[in-house]
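Undergrad: Listed below are the residues making up each chain.
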Amino acid sequence: MTHPFHASGCCPGPGRRRGFLKLGLAGFASLTLPGLLRLRAENPDPEHQGKAVILVWKPGGCSHLDTYDPKPDISSDYRGPFSVIDTKVPGMQFTELLPRQAALADKFTVLRSMRNGAGGHPAGSFQMFSGDSDTRDKPKPKYPSWMSIANYIKQQHRDPGRSLPYYVGVNSPSSYNSPAYLGDAYGPFTVTGDPNDPKFSVPNIGLTDQREVRHLSRRSSLRQNLDTLERAFDQAGELQALDEFEEQAMTLLTNPQTKEAFDLSKEDEATRERYGRNTWGQQLLLARRLVEAGVEVLSTSLRGPLCGRVNNWDDHAVNHHVFDALRFRAENYDRAVSALIEDIYERGLDKRVLVVVTGEFGRTPKVNYQPSTGAGNASAPAGTRQPGRDHWPRGFSNIWFGGGIETGRFIGATDKLGEDSIERVCSPEDFMATIYHHLGIDYSKITIDDFNGRPTPIINQGKAIRELIG
Amino acid sequence: MEASPRLRKSLHGAVMKLESSLLRLVAPLACALASQNALADDPAVSFRNDVLPILTKAGCNAGTCHAKAGGGQNGFQLSLLGFEPTEDFEAIVKEARGRRLFRAVPRESLLLRKATGQTPHGGGVRLQADSHGYRTLQSWIAQGSPYATENEPLLTSITVEPSRGIVRMNADQQLQALATYSDGLTRDVTQSALFESNDDAMAEVSENGLVRTSNIPGKVSVMVRFGGQVAVFTAAVPLGAPVESLPAPNNFIDDHVFGNLKQIGVPPSPVSDDATFLRRVSLDIAGRLPTPEETTAFLESEAADKREDAIERLIRSPGYADYFANKWTSVLKNRRDDTNDIISNFAFHAWIRDSLLANVSYDQLVKELLAATGTIVSNPPVAWYKRVKDPKEQLEDVAQLFLGVRMQCAQCHHHPFERWSQDDYYSLAAFFTRIGRKPTGVAGEDLIFHKRGLATAKNVKTGADLVPAALGDDVGKISADEDPRLRLANWMASRENPFFAKAVVNRYWKHFFRRGLIEPEDDIRETNPPTNPELLAALESHFVESGFDLKELVRVMTRSKAYQLSAVPNEHNLVDRQNYSRYYPRRLQAEVILDAIDDLTGARTSFANLPAGTRAVALPDNSYNRSSAFLQVFGRPNSQSVCECERVQSSSLAQSLHLINSSEIKGKLAVGGGRAARLQSAEISHEQRVKELYRVAFSREPRGDELSTAVAYLIEPIEDASGKPLSEPAALKQNLQDLIWALMNTKEFLFNH
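Going down the list, the sequences are from chains G and R. So the first sequence is numbered by this note's numbering: it starts at 1 and just counts up by one. So the second sequence is numbered by this note's numbering: it starts at 1 and just counts up by one.
Treat the hints with care, as some may be off.
Chain G stretches covered by chain R per the calculated footprint, using a threshold of three residues with CB under 8 Å from any CB of chain R [said to hold, decoys possible]:
{"hint": "1", "segment": "114-124"}
{"hint": "2", "segment": "216-225"}
{"hint": "3", "segment": "421-430"}
Pair by pair, the computed Cβ-Cβ distance ranges are [stated by the list, open to error]:
{"hint": "4", "chain 1": "R", "residue 1": "Leu610", "chain 2": "G", "residue 2": "Asp420", "range": "47 to 57 Å"}
{"hint": "5", "chain 1": "G", "residue 1": "Gly120", "chain 2": "R", "residue 2": "Arg313", "range": "51 to 61 Å"}
{"hint": "6", "chain 1": "R", "residue 1": "Ala443", "chain 2": "G", "residue 2": "Arg385", "range": "31 to 41 Å"}
{"hint": "7", "chain 1": "R", "residue 1": "Arg316", "chain 2": "G", "residue 2": "Gly119", "range": "55 to 65 Å"}
{"hint": "8", "chain 1": "R", "residue 1": "Glu692", "chain 2": "G", "residue 2": "Glu269", "range": "49 to 59 Å"}
{"hint": "9", "chain 1": "R", "residue 1": "Thr291", "chain 2": "G", "residue 2": "Gly119", "range": "53 to 63 Å"}
{"hint": "10", "chain 1": "R", "residue 1": "Asn379", "chain 2": "G", "residue 2": "Pro203", "range": "41 to 51 Å"}
{"hint": "11", "chain 1": "R", "residue 1": "Gly673", "chain 2": "G", "residue 2": "Glu212", "range": "20 to 30 Å"}
{"hint": "12", "chain 1": "R", "residue 1": "Asn151", "chain 2": "G", "residue 2": "Asp420", "range": "24 to 34 Å"}
{"hint": "13", "chain 1": "R", "residue 1": "Leu610", "chain 2": "G", "residue 2": "Gly120", "range": "28 to 38 Å"}
Since the hints were made in silico from the structure, they are not lab data. For glycine and all other residues, C-beta sits at the position ideal for the given N, C-alpha and C.
All chains, please: the whole structure from these sequences, using the hints.
TA: Written out as structure tokens, the structure is:
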């Protein structure tokens, strides 16, 4: 047993400690599992029950200047070729690439002043996923992602009757986020593949073959008859935990509700069309369907062939013709995201579910020209000089909706050339804190011990962005 | 699952909004002046001796609050837990243009208004306006906020009264913290000291030092901190049940374990039966299930010393070396970061494994590792220096792994519960500063040599160049020609070293008894005392006397009756979690479960670049985790950390799904020539089939009810997809697979118990 609390005067006598337990979501080192079960019963915390978040990730980083933060009056070596359109929100303009979102701009909020400190994909992603302030690229994240932390905290209070995992990744942003020292058990339940494929199916979920279900139930009851090890010695609650997970696994496998949550064919055709009959569209529809059914942390990454030649948003000139690439993606991206926005509000999920769409950074405001390294979608034949934009963490945009937040506005600003966030600058930790706040996780108070036993705060410096608090 | 062992929550530190309090200062000025002189006339208050302990107790300098280590909320930064009084004095008195203090009207000082919550404070109310602490702060401000008072004595030590005692369950014990100063005077500082229990489930302690025990028997300690000094109160909490019969002791371990049980009144469970013992000891020594032949022979043997005999066979078996090499290579970070690492990974693993098999003494093993020079191929322990390159990481790993001392914190600040300072940290680092590296023909691999020169390391805070010293011990002058690592290795392995033997016997104790005598097993410090100090001391001296003999260490532990106790509690000892009155069951680790499933199903997992039949416990490095979903899901560590806690031993949904429905498990059940197939075609009775499965899975015979349940299942008819009954052999085959699946999914299989 480690010291359960950070040794400090922050932890006065037992009386206050217990009182405090009732306020937050945190689990406690000194509690045994039965203790936690009791705690759960006493402390239902209805306000945050079932609060959920969807992260829509644009791996590689999306050009802010060509989408949500256009600068129509600057010179063409910065501006790019896209014209600017008005949105439903007076004073807020997007580029022509996002007509559907422009028409729905009253239903979301654009944060134009994100800033992180890292120029590489690994470090930039670590910043956005785990708040790691290290600007160097490391092979693996040092800290757990906020998704895993949320999953970990929720599991301290897990409901054994759940028919779905807390944390699901639908083609999740995989390489740079991990549970780190929390252990792999707190990673996502991972769904891969193309949800638009008629043959798409999720392994280990809702067996379709009724014969198989009967078979499983039959041998499962045999197991129960033979599983006779004395439970009496189970002081630490381990056997009980295992029983719970087994029950949950059986539920996932056999519960028709679980199967239904993953079954896009249950959506009507019009809805499926509205999201777009392609990987991204159906991915976001599946995300919505899953949080509606009870998943509380959902991450999904918009990558693959719909991005262009290199399968992501990393629009260096060597990879893509940045403008061709953005145009290439625009239709599917705009359609899928706008459908998700509409759907979240139409289905009344807008208080419970917070959605954020972002990448690890933006892209260089100044356009540069380099020879392409290969032909393909949105890239000219090798050797052809084409425009590109490089990594740009100093100022970039993301969009937020649902979560009960005030929408139809933009927050913050970059400077004239879109180079630096200058107003309401928000850090990756502010970004994370905003999400924790929505999930009811008291980020200023929770620390988790790393492998060395050092109590590591889940947020060091960040504060929830007040304009994005519901 | 152990409930969130690593999640913590402090009690304040919420979002803080800095608001100027200047506007509020004017009005109360007049009436405040009256009480001013009284405060100024209070006994002289010093920042160092009086104020700082109050801030520490109030939690101001805690990690999640204003400590620099945690970032320091809103620009107000203090040293973590007040270890740098002069810096903290600067921060409070001088920074922010001195606006934190207001001498004319002390109670309008921002420091006090924030602390009492009169001005919005993210940390909430930390001090009550009528408290001793508040009054002290007020007087100090009124007196002109001096750092120290004239000729003030310095704190030299603290003690706690009582320092040990017997406290009944559900009872109270008041502690008193006493501080002794350089003038010889002693002061009661209970109100300003911090108290912390090392196990809240056993005893909680109030901020005023009142200890309240729960209903769990054993040893619990309370750490008392004041002014950077620590003292410990240790309580024995007896259960007080009659202990009438104790198993006849097999060795000194039993004397100590049973002696303790008698003292605290916890009757032990009886010694386990033969079948349970054999399964347990095979899993713990060799990481595998006993074979059915071993089980049969053991159960049938009438020899009086058959348990000792089984232990000897296991210790001599290659399984022992495989299993313990697996343990050590993980914490020694035998990690495959690059495909080219394979040779180094294999060589390092083979070196450890062969050394364990040949029973190279532990001190020798550590010396070979620590002082390694040359190339990996000629001298495999060099591989450790390939992966652990930074001298800081080297010293941290060595300290934690071989000495049980965690130095990481001391890199940046004085360790809050420890005596280790930054000087200790960097003088330990100095041992590793003369390691030379030359590139070799193999990419990424260096030849390691001693680079001639005087070893020194700079304390980054003070700028002082420090010569090597081993945790405060002078190791003598080291000439430029001598590799300082040798000196460190000799210091570590000397018989008098207080850490070296203790760390490894405690680590091995945890391996066999599930809970270390000190927990966590690699966090040995005065403020974290062992639950049975006499036993730990006896183990240490036995280990040193034996010449650091690791096999003897395994032998002496497994031979004890304490190790052989049943896991099933009696009417008294269910609550016992640390006195070893029964065996504490634990889930098998990833590699062991995979091998056990292979043994049970008759399938074999194949691993790249390794001969067919290589067992998972014999894998040389972490790279196989990537190709084996099983190892990954069940938490085999990736050799990232020197801490065994990297291995995930708790259960998860993914594990259950994997066992229940993965294609990997389905494939193993149905494997051609596997156990289900063989049992189906063998001309034996259903009873014999079930008995074989029980012998393999549980190392025992089925009970009557189990036998009849299983046999009944085997003869159930099954229908195919079209509703027609399957042929008898086909149905039997499937039913056998189901039965194997069912056994593999029981707790009896998945746990060592």
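Undergrad: Quick check on a hinted range of 41 to 51 Å for Asn379/R and Pro203/G, using CB atoms only.
TA: holds, 47 Å
Undergrad: Do the Cβ positions of Glu692/R and Glu269/G conform to the proposed distance bound of 49 to 59 Å?
TA: holds, 56 Å
Undergrad: Given a hinted range of 31 to 41 Å, is it respected by the beta-carbon distance of Ala443/R and Arg385/G?
TA: holds, 35 Å
Undergrad: Go ahead and decide if the range 53 to 63 Å is satisfied by the Cβ distance of Thr291/R to Gly119/G.
TA: Cβ of Thr291/R to Cβ of Gly119/G: about 58 Å, so the range 53 to 63 Å holds.
Undergrad: Range hint 28 to 38 Å: satisfied by the CB atoms of Leu610/R and Gly120/G?
TA: Taking Cβ atoms as reference, Leu610/R and Gly120/G lie about 35 Å apart, which means the hint holds.
Undergrad: For the segment 216-225 of chain G, do at least 3 residues have a Cβ located nearer than 8 Å to some Cβ of chain R?
TA: holds (count 7)
Undergrad: Mind taking a look at whether chain R covers the segment 114-124 of chain G? Criterion is 3 or more residues with CB to CB distance under 8 Å.
TA: violated (count 0)
Undergrad: Can you let me know if the beta-carbon spacing of Gly120/G and Arg313/R is within 51 to 61 Å?
TA: holds, 55 Å
Undergrad: Please check whether Arg316/R and Gly119/G have a Cβ separation lying inside 55 to 65 Å.
TA: holds, 57 Å
Undergrad: Can you tell me whether the CB distance of Asn151/R to Asp420/G sits inside 24 to 34 Å?
TA: Once the Cβ atoms are compared, 56 Å apart, the range 24 to 34 Å for Asp420/G and Asn151/R is violated.
Undergrad: Regarding Gly673/R and Glu212/G, is the given constraint of 20 to 30 Å on their beta-carbon distance met?
TA: holds, 25 Å
Undergrad: Holds or violated: 47 to 57 Å for the Cβ distance of Leu610/R and Asp420/G?
TA: Check passed, 54 Å falls within 47 to 57 Å.
In terms of the numbered hints stated before, the structure departs from hints 1, 3 and 12, listed from lowest to highest.
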